[in-house]
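Trainee: So the protein lines, in turn, are chains A and B.
Residue numbering for the first sequence follows this note's numbering, starting at 314 and increasing by one per position.
Residue numbering for the second sequence follows this note's numbering, starting at 524 and increasing by one per position.
Keep in mind that the hints were calculated from the coordinates and are not lab data.
Misleading hints may appear alongside valid ones.
[To be verified] Straight line, CA to CA, 16 Å or less: simulated EDC-like cross-link-like pairs of lysine to aspartate or glutamate:
(1) A:372 to A:360
(2) A:886 to A:901
(3) B:968 to A:877
(4) A:462 to B:1103
(5) B:968 to A:401
(6) B:860 to B:671
(7) A:719 to A:655
(8) A:723 to A:696
(9) A:467 to B:1103
(10) A:886 to A:866
(11) A:723 to A:655
(12) B:968 to A:436
(13) A:462 to B:1101
(14) A:464 to B:1102
(15) A:449 to B:996
(16) A:464 to B:1103
(17) A:886 to A:905
(18) A:467 to B:1101
(19) B:849 to B:806
(20) B:536 to A:730
[Said to hold, decoys possible] FRET-style restraints, in silico, Cβ to Cβ:
(21) B:1103 to A:495: 38 to 46 Å
(22) B:608 to A:718: 47 to 55 Å
(23) B:763 to A:466: 51 to 59 Å
(24) A:421 to B:1106: 48 to 56 Å
(25) B:1050 to A:823: 31 to 39 Å
(26) A:894 to B:780: 52 to 60 Å
(27) A:879 to B:913: 17 to 25 Å
(28) A:879 to B:608: 52 to 60 Å
(29) B:1102 to A:368: 54 to 62 Å
(30) A:983 to B:740: 25 to 33 Å
(31) A:878 to B:913: 21 to 29 Å
(32) A:483 to B:996: 15 to 23 Å
(33) A:495 to B:760: 57 to 65 Å
(34) B:918 to A:894: 46 to 54 Å
Using N, Cα and C, we set each Cβ at its ideal position, and we do this for glycine too.
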Amino acid sequence: MRLACDTGGTFTDLVVEDGNEIRLFKASTTPDDPVRGVLNALALAAEHYGEEQRSFLGKAEMFIHGTTRAINAILTGNTARTAFLTTEGHPDVLVIREGGRIEPFNFTVPYPEPYVPRRLTFEVPERIEANGTVRKPLDEAAVIAIAEKLKALKVEAVGVCLLWSIVNGEHEKRVGDLLAKHLPGVPVTLSHELNPTLREYRRASATVIDASLKPLMFQYLDSLTNRLREAGFTGRTLMVTSGGGIMDAEAVARAPIHSINSGPAMAPVAGRYYSDRDFDGLAAIVADTGGTTYDVSLVRDGRIPWTRETWIGQRFRGHMTGFPSVDVKSIGAGGGSIAWVDDGGLLRVGPQSAGSTPGPVSYGKGGAEPTVTDCSLILGYIDPDFFLGGTMVLDRAAAATALKTKVADKLGLSVEEAAAAVFTLATEKMVGAIDEITVNQGIDPATAVLIGGGGAAGLNAVAVGRRLGCAGVLIPEAGSVLSAAGALMSDVSSDYAQMLFTTSRRFAFDEVNGVLAGLEERCRVFAQGPGAGALKVTVEFSVEARYAHQIWEIEVPMASGRLDSPADLEALKQAFHDTHQSIFEINDPGSDIEFVTWRAKVQCQLREGGTGQLPIQKADGAALERRDIYFSRTGWVDAEVVRFESMPSGAPVAGPAIIESSFTTVVVDPDTNAVRTQGGGLRITFQ
Amino acid sequence: MHGQSPPRRDGVKTAILASRFESIARKMQNTLFRTARSGILNTAHDFSCVILTADCRLLAAAESLPSHTLVGPDIMCRTVKDYHPHLKAGDCFLHNSPYEGNSHAADHCLIAPVVDDQGVLRFFVLAKAHQADCGNSRPTTYLGDVADLYEEGALIFSAARVQTAYKDNQDIIRMCRARIRVPEQWWGDYLATLGSVRIGERELLELGRSFGWGELETYAEAWFDYSEEKMAEAISRLPSGRRVLESAHDPFPGVPVGIPVRVDVVIDAEAGRIGVDLTDNPDCQPCGLNLTEGTSMSAAMVAIYNGLIDHTVPVNAGSFRRIDVKVRENCCVGIPKHPFSCSVATTNLADRVSNPVQRAIAEIAPGFGMAETGPIQPPGMGVISGLDPRNENEPFVNQIHVAVTGGAGTPVTDGFLSIIHAGNAGMCRIDCIEVDELHHPIIIKSRCLVPDTEGAGSFRGAPSARAEFGPAEDCTLKVLYTADGTITPALGARGGTAGGKSRAQKRERDGSLTDLPPCHGAVLEPGEWIVSYSSGGGGYGAPLRRDPERVLHDLREGWITPERARSIYGLVTTGAADDDSLGIDRAATEALRMTLTTST
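Isolated chain A, as found in the complex (with noise of 0.2 Å):
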């Protein structure tokens, strides 16, 4: 039996596999002790197999885990004192970062501060150049002099981030020796071990950021090892990563920026299953519904897209990680976004959102300004009585009354007509979000099937879908806790880089052997240590290349782990080639290449085929139920209302229709068809 849990900014996910079969719990997440949000997931989950905890936690061989808990301390301020040592004559790496500035018109929001301050902040006396050469050789008395001055300051982390250390990374080592034997007892990241990619500011970045949540993630971490053995748990603890895949606790103890975006990584793991199982391996736009964000990532071919531009906080105005991790756009979209018209009478919906508390006006919490959620409930989508199961009954009439005055009169409509242009507006931003991340990664929505993941999603991602153009719509049966289902199937991974340029002109061949060599040799014993016991070990190479003069690289698949003749040379340069063009919709065959950085990634597989099933219940017998729901194309219609649970495999739905479980509704507009496919997701095509 494996455990998967997911803890949310509102709900902590479990999913329990025990054998093939998978089910689902939702707890309340408990932020001023999230573990305990953990145990009390576990706590529904034995009560529901009519066990004593410990003799369930006892049966689990694996506690795999996700969490909000690094991000969250980053957001609100609440990480180690952290100091900051850079090359000689560069103090402001963090300070004038990359530059760039959104909404040009917009000076109320001020320049971001740098997220080391500048009096933590230490010129380290030494100089590599770009090529590796030693320009000034490192000055160690002066390192030890600062590290006196950090005991001073009392600072509790420190992140080293030096001028090309990811060609020669003596200098950064030791300095990391000095500050060991000077500074003990404080935790220390050096750039070119934790992250070894070009451009200093965000090498630097995700180096402090990494130290910063060091002392505070091995605590909780710990904490949290140690309350799960007490529970009975004996099997092993895993973190999901930033990359989409697992590690084990004590790995991201040492290195915890793995986990900041862990939750959103898993989405597309999730989806690259379920598309492979229920839409024929079609490339897959990945939508994570929150309450406050709306997630898109994307799958082709299997393959998860990268980015080294993740930010926390908003683009250019947050901090940038510089890490490697699974492309996730992020907007301001969820079912808690505020609907409003603004002074020139236009209807607008968020950025503002009403969050969990005090959430929509139909929660009865307080919250005063109609939602999202609210128009769902208004338009019939939401069954007030079955709201989560039925655990929580919802204010229709309170949630009118909100839109009317708010939005409805001021814009002549009526109230369901108001409703139902919220959500078309909510649907516009949502596709607009889509379109762009299509676009940077060159995929073609109507290839591609919208996978539609979190408690909101079904309410319009068959809106979504069609205005995209997809090929369909698939609710995945764990689609409301996507992330934790995805954390099922990750596998165990790593992932090592190492940086050298050099162009298809002259292309080095021996040393870029051997760097290759050295990646594989990591991979090796890293698939011997954590990896050990695997079903199947792949070790998969990649380039980040580029036209030569472009800026940005690309990641190409290499074919093997070696480059011997220039006719592996040429199938590497068409791989480039023919990436470009599938991106870009250009290429250019006569340009040179210029490869910078080379990567190796070693993936140790768990289980064979994904994750189990929802068995599915058999129906209660009850009469079939009916409701009207509201579709501004429609207007008011007489629509089925079917039990998600008890939904038999291949028998069609035809819209307009209502799919409700305890954890999610799903809107099956007009001229649409849903089908429970064989693996059990909700396969919706249009006419």
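Given chain A, work out where chain B should sit, using these hints.
Mentor: Showing chain B alone in chain A's frame:
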């Protein structure tokens, strides 16, 4: 046409279509960014993508350089229509003529008409991209010291049809390849820009098919009306008033006494209008600093949108209806006369228009306007060139953005550090040291902020940045730059002080420093370095009224020295910097501020 009472605006459809148009412009922008070759595009982001109506009014723009997008695209599309009255699907035009709406010749625009299935012109899409090179007489895209266009030497395209039926006109491609340095880089950027307009065209055609073209036209008018109302409303919050202010570009070759600029700004709150008169200014000058019609008008308008402190006003032809910018022919800040050169038309003199306008708004209207933004371009954003010894002495040329700051103090925030200059609004990127050193045979020895160079104010300007760089081994490096602000700094507004001046120096092999001229082409051998200081931004409001917490922050963070904290901001501290225990002595601060106020 509307009847007596205009129909109620469809607040839902307008919102939805606004979002659709915006995302199309963004898609164009992403396409260009991701595929461009030159650093100036894909690193520095110096390009813009816009959509215009069939009658050439600006409808939507992806977030991009304001100086590119406000006025200019409209004139250029009109030029295309004039020369090519029968536009067909598959046409695309290359245009960079500074005398017909463009900014400087280095900004190549591709303009594609969006023609529906019936052959009716519906929209224009335009993408403008700053080229690494445009065939100038010397390897830079900013030639300040040239007498005219002929000496500047740029290839000028006036609505040249570069594609017919979606196929390149190879004649034009060959012309560019023959005259532009780094032709491969140009070709890559051309493909990227073309991809951008074609994606915009495709998306608009789909939008027209699904909504109906009539519906889109109705939307455009509704969106313009909405934008105009928002603009009128924003202007009505300001008091009415008039200010005539002056600024001056520093002396440059060809203009030995510099160029004075006078702006006459009138705010009419009741009528909801703002006017800027630029006609009382010198004729075109025998140098490369002359503005174009597009950059003159955009420069004034940038300052107006900056000064409103209301970014919810959509920037398009609708809100433009509330702005009157007067320019005249043959004026250095107006409509240029052929063959005067406009090689530097996007930056230097344009800033000398924007800056006094935003300051005038501040002087008329407390709580609005801005101080002056730092002038450019010091060597830290110069154009570098040479032969790359690491690469078989292949020639290289590119503009770098190593060290430039300049944000002006505003009524609500401190100057944005990486604003670059007024017309840029911080939309371009700043280079990574490692990327620059990898791409070019250069070493950037240092880059950092300079304390006490901020224009002091209740909201201070951004400080100067200092950079020192030079050639790597076996390379001779040429750095061409055109630095304004070495004499006339960015002034403060409403009692704020001026920002630090820009400066260029050369460090000789013996370590000594010599001053370099403001507009210059420095040639450096290994062991020689160029030192660049960017201009700081001006401050807004009296420094003595700056929130002491903000002063303390700047002091702790080393943006200002203890001496300046005390003498300029009147801050008295407790504790010590060494153990990070600095605090505010409130009573003493208040007393000192009182004394300093009465003594000034």
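Trainee: Does each hint fit the structure? Answer for all of them.
Mentor: Right, here's what the structure says about each hint:
With a C-alpha separation of about 14 Å, the suggested pairing of residue 372 of chain A with residue 360 of chain A holds against the 16 Å cut-off. Taking the CA atoms of residue 886 of chain A and residue 901 of chain A, the gap is about 11 Å. The hint holds against a cut of 16 Å. Restraint check for residue 968 of chain B and residue 877 of chain A: the C-alpha separation of about 39 Å exceeds 16 Å, so the hint is violated. The hinted pair formed by residue 462 of chain A and residue 1103 of chain B meets the criterion: a straight-line CA distance of about 11 Å does not exceed 16 Å.
For the hint linking residue 968 of chain B to residue 401 of chain A, the alpha-carbon distance of about 9 Å falls within 16 Å, and the restraint holds. As the CA atoms of residue 860 of chain B and residue 671 of chain B are separated by approximately 10 Å, the hinted pair is consistent with the 16 Å bound. At most 16 Å may separate the alpha-carbon atoms for a hinted pair to count; residue 719 of chain A and residue 655 of chain A meet this at roughly 10 Å. For the proposed pair residue 723 of chain A and residue 696 of chain A, the alpha carbon gap of about 27 Å is over 16 Å, so the pair is violated.
Taking the CA atoms of residue 467 of chain A and residue 1103 of chain B, the gap is about 10 Å. The hint holds against a cut of 16 Å. For the proposed pair residue 886 of chain A and residue 866 of chain A, the alpha carbon gap of about 14 Å is at most 16 Å, so the pair holds. The hinted pair formed by residue 723 of chain A and residue 655 of chain A meets the criterion: a straight-line CA distance of about 9 Å does not exceed 16 Å. Between residue 968 of chain B and residue 436 of chain A, the direct Cα distance comes to roughly 13 Å. Compliance with the 16 Å bound is thereby established for this hinted pair.
Only pairs whose Cα atoms come within 16 Å are accepted, and residue 462 of chain A paired with residue 1101 of chain B is accepted, the gap being roughly 9 Å. Restraint check for residue 464 of chain A and residue 1102 of chain B: satisfied, since their Cα atoms lie roughly 10 Å apart, inside the 16 Å limit. At most 16 Å may separate the alpha-carbon atoms for a hinted pair to count; residue 449 of chain A and residue 996 of chain B meet this at roughly 15 Å. For the given pair, residue 464 of chain A sits about 12 Å from residue 1103 of chain B by alpha-carbon distance, which is consistent with the 16 Å threshold.
The hinted pair formed by residue 886 of chain A and residue 905 of chain A meets the criterion: a straight-line CA distance of about 9 Å does not exceed 16 Å. At roughly 12 Å between alpha-carbon atoms, residue 467 of chain A and residue 1101 of chain B fall within 16 Å of each other, so this suggested pair holds. Only pairs whose Cα atoms come within 16 Å are accepted, and residue 849 of chain B paired with residue 806 of chain B is accepted, the gap being roughly 15 Å. Between the alpha carbons of residue 536 of chain B and residue 730 of chain A the distance comes to roughly 12 Å, so the proposed pair stays at or under 16 Å and holds.
The beta-carbon spacing between residue 1103 of chain B and residue 495 of chain A, approximately 19 Å, falls outside the hinted interval of 38 to 46 Å. Residue 608 of chain B and residue 718 of chain A have their C-beta atoms about 53 Å apart, which keeps the hinted 47 to 55 Å range intact. A beta carbon spacing of about 54 Å between residue 763 of chain B and residue 466 of chain A agrees with the range 51 to 59 Å that was offered as a hint. As the Cβ distance of residue 421 of chain A to residue 1106 of chain B is approximately 28 Å, the hint placing it in 48 to 56 Å is violated.
A hinted range of 31 to 39 Å for the beta carbons of residue 1050 of chain B and residue 823 of chain A is consistent with their spacing of about 33 Å. Remark: the range hint 52 to 60 Å for residue 894 of chain A to residue 780 of chain B is upheld by a beta-carbon distance near 56 Å. The supplied range of 17 to 25 Å is met by residue 879 of chain A and residue 913 of chain B, whose beta-carbon atoms lie about 23 Å from each other. For residue 879 of chain A and residue 608 of chain B, the hinted distance range of 52 to 60 Å is satisfied, since their beta carbons lie about 55 Å from each other.
In this structure the hint that residue 1102 of chain B and residue 368 of chain A lie 54 to 62 Å apart at CB holds, the actual value being about 55 Å. Under the hint 25 to 33 Å, the C-beta atoms of residue 983 of chain A and residue 740 of chain B, about 29 Å apart, fit the expected range. A hinted range of 21 to 29 Å for the beta carbons of residue 878 of chain A and residue 913 of chain B is consistent with their spacing of about 26 Å. Distance hint check: the CB atoms of residue 483 of chain A and residue 996 of chain B are about 21 Å apart, consistent with the given range 15 to 23 Å.
In this structure, residue 495 of chain A and residue 760 of chain B meet the distance hint of 57 to 65 Å, their C-beta atoms being roughly 58 Å apart. The hinted range of 46 to 54 Å is not satisfied by residue 918 of chain B and residue 894 of chain A, whose Cβ atoms lie roughly 29 Å apart.
Hints 3, 8, 21, 24, 34, counting from the list given before, are not met by this structure.
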